[in-house]
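J.: Chains U and P, in that order, give the protein sequences. The letter at position 334 of the first sequence is residue 334 when you use the working numbering, and the numbering goes up by one with no holes. All you need for the working numbering is the position in the second sequence, starting with 1, plus 1000.
What the hints contain is simulated information worked out from the structure, not anything from laboratory work. We treat Cβ as the ideally placed atom computed from N, Cα and C, and that holds for glycine. Each hint should be verified, as a subset may be incorrect.
Which chain P residues face chain U? A few, computed with CB under 8 Å, are given here [to be verified]:
#	residue
1	Gln1080
2	Asn1082
3	Leu1156
4	Leu1396
Simulated coverage check for chain U against chain P, where a stretch passes if three residues somewhere in it have a Cβ under 8 Å from a Cβ of chain P [stated by the list, open to error]:
#	segment
5	26-32
6	95-109
7	178-191
Spelled out, the chains give:
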Amino acid sequence: MICTIEKMNALINEFETLDNDAIALSSSSLQTAANLSELVTTRSQQWQAYFNALALFGFEAWLQERAPDVRLERDNASVFEPNQAGAIAATYGITVNQFRVCLIPIDSEPDTAISLSRILIESVEFRPHFYVLVELYEEQEQAIIKGWLRADNLIARQSELSLSTDWKYDVPQAWFDYDCDDMLLYWRCASPAMIDLPSLAPAIASDRYSWLQLLTQPAIDTAQWLQEEWQALVTDLTWVLLPPVASASGLRSSGTTLNRSPLSELETILTAIERTGMRLPSNARAAYQDFELGEYPLRLYAVIGSEISTDGAIAWSLLTILGKATERDLPADLILRISDITGVLVERQLEARGAYLFAEVEGTPEERFLVTAALADGTKRSLPPFAFQAE
Amino acid sequence: MAILWRYWQLVRLDSSGNTRTDVISRAKNYFEQRYPLVEENDIDDHAIAKALWQVMAQEINAFLCLRCYISHQILQVCIQLNSQFGNHYGFSLEEILPYVLDDDGKSDHSIYQPLSYQILQKFDPERSNLSTWTTRLVKQHRELNAFLLEHGVYLLSDWAILNDTNPKKLQRVLSDFHQLTKAEIASAIALLESYHAIYRQERLRQRQQGQALGQCPPPTTAQLQQIAQLLKTAIAPDAILKRLQALAQLLRQHRLHVRGNLPTTSIDAPSTKPVIEAMAIADDDQEVEGQTKFLQNYRQLMLISLDDAFEKAIAVRLQGKSTKAQQKAKIFAIALQLFHCQGMPMGEIAAQVGLKAQFEVTRLLKLKEFRADVRHYLLQTLQAKVTDLAAEHISLDRLIALDREISNALAEQVDLLLRDAETDAKTTKSHTTGTLFSHRLCLHLDNRSYPS
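Let the sequences and hints guide you as you build the complete structure.
T.: Structure (structure tokens):
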């Protein structure tokens, strides 16, 4: 034989077959999806935006073929919003016969779990009635409506899931139902009101802006600051790490600073803050970055510290100080805000002739914080979220 | 062990598309002169192919010998493909051969280049043997793949596999399945991310222009250079390509593994009992009993409503104004009748309505979906008549239970006496399939002529 049978079989085995339910993605929908992805300014999100749009168009084509009597409303689909289109692996904001539906594009390799961004489970605004898996074959230009899961059934078992460090839940594939006829039965013969979605505690912020920032911006892993993982920091040039700040104010250089170096400025401020009774963790490390809010050049110091309690749990703290980056005075209506997924945790407004604002929060390693500088007219700027991913 | 005559017999297609084997005497003479003493089990193909390949630029007959050899391998791959998929997916060996078995043994190929030329151009005897290499290029042949895809058979290219894999998954596959070291995984992830940044971008750009793309082509040299730049390395484009292919291969192995062993469940994973099952256990027995009674009461209403449900389910399938849709609608109506009323097997239906393969009938009729639609429309009619069942009142669990009951009722065998009586009265056709569903559907079809 030219080639042994086993060898040949192994080579032929790489061929796969599409099942009967595959839906062809039209060339115009492929083009539209690519065009939508082009509007996404964050380059790294473009491919996801493309896939999310393909999931929508595949689903739409499937409905037209399988259940043309069912009404799809997709004008508000996330894929048409450039800042949301590729933020997470999902298409939301669509309804089918008034049921909210969230499409999850998946690849064709069977996996034991489906990764769902926590926003899709924990936020009232984003949580659908149905999660629908759309298997995509981009190269073959095919889509398959693979399975579905009712949100109330997912939420009833949410305690069995754990949140991973990238803020996703791995939902076992076996929780999904792979016969789509029952899903159609609901859409055709039931009412959304009959799906009992428990109200959420703690209430999730309805501030879509903060949510998206928290979920979609790659978080700064501040645990690395403490470990002095310079390597990781070098790649992130926006933050400038400062030498350790001594915790006892007595060790610091005296308050009179001739040169306005960031370190000495920070030490002065910390000395003042500690007078109010606040105590810094002994391992505290600080970094700063300059940025502009509207026309104002600002500087934000972030001081990170962590403590391990007697039961081994890690608590970390984030102290932020917002001041000026140049001689120019701060805007009188400056606001410093720290939020997490539950909403705004702290908000401070500048007092008359104040030189800086500060705010502190504490959290567990699962938590992330979003620091926002804002003006009264609504101008605001958030820095990439702070996370603390301890080893 | 080699079968030597393959080096001078060329398999090719004649003008009517049949395979024939020509003895190429120039090749035979050359081969016998070159290897006068070789016995069939003395020498392996790889050594011969390598030696011929090294001189083929100078010696046209060595080139011919290799082309002969390749033609046999191409035929083998096609036979294998056909025996594995052809029957079920509706294509024949004769249909796939012309895509790849295109070398007629002539020397002048200014107009088109046979596949064997490309195979030899890109062949590297240090890296693979000629038969495996040939199989690989046949499998990756663009037009062949496009043809196979039309029949529901496809091969994911390396580049599609890489496009579809995110770093998190790569990390998992490389650590859990291939057990690579941390450093190896880190460099693989960096490579994948750089590849994504360049290759996906280009794919998107081409999609934006609405080009028909088909199979993902290998990255170009320029793209490979850009990938190297992102990686901040001076590795040559060729080497980057090899690394990407190796990475794709690792992913493909994993893919084959999981597709072969389904479903996989880890012990640590949360309980994987399907939600529906969990629900069923929670079901209240009494309620189920109440539902049974309910359906008994409404059996008559159900039967009356069935006609409307058939009407709607069929109408939905007959819609579409294009010629293609009209054509499909016509075949659908006929096939539906043949299947339900005459009990004709799918294979025969295919022949009757002019479809090539049984799977096309399956795809056309979609029996399961059709039944589901009928039940759903039936329920909608019931809902309009019985307030209790209205969408705003009925619980989801009850709805499912009701759907199952209707399904059972429709699957019941029709009382023979009743059926015979009705059949005699109405029509001389015998309704060979005996479920209530088929029986009523045929009555419906008898009274209608589709497509209208």
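J.: If a hint holds in the structure, say so; if it doesn't, say that too.
T.: Each hint, compared with the structure:
The closest approach between the C-beta of glutamine 1080/P and any C-beta of chain U is roughly 5 Å, which is under the 8 Å cut-off, so the hint is satisfied. Hint status for asparagine 1082/P: violated, given a least beta-carbon distance of 10 Å to chain U, over 8 Å. A distance limit of 8 Å between C-beta atoms decides the matter here; for leucine 1156/P the minimum to chain U is near 6 Å, and the interface restraint holds. Using the Cβ-Cβ criterion of 8 Å, the hint placing leucine 1396/P at the interface with chain U is satisfied: the shortest such distance is roughly 6 Å.
Taking a C-beta to C-beta cut-off of 8 Å, the segment 26-32 of chain U contributes 4 residues in contact with chain P, enough for the three needed, and the coverage statement holds. Interface restraint, the segment 95-109 of chain U with chain P: holds (3 residues with C-beta to C-beta distance below 8 Å; minimum three). With 9 residues bearing a CB less than 8 Å from a CB of chain P, the segment 178-191 of chain U meets the requirement of three and the coverage assertion stands.
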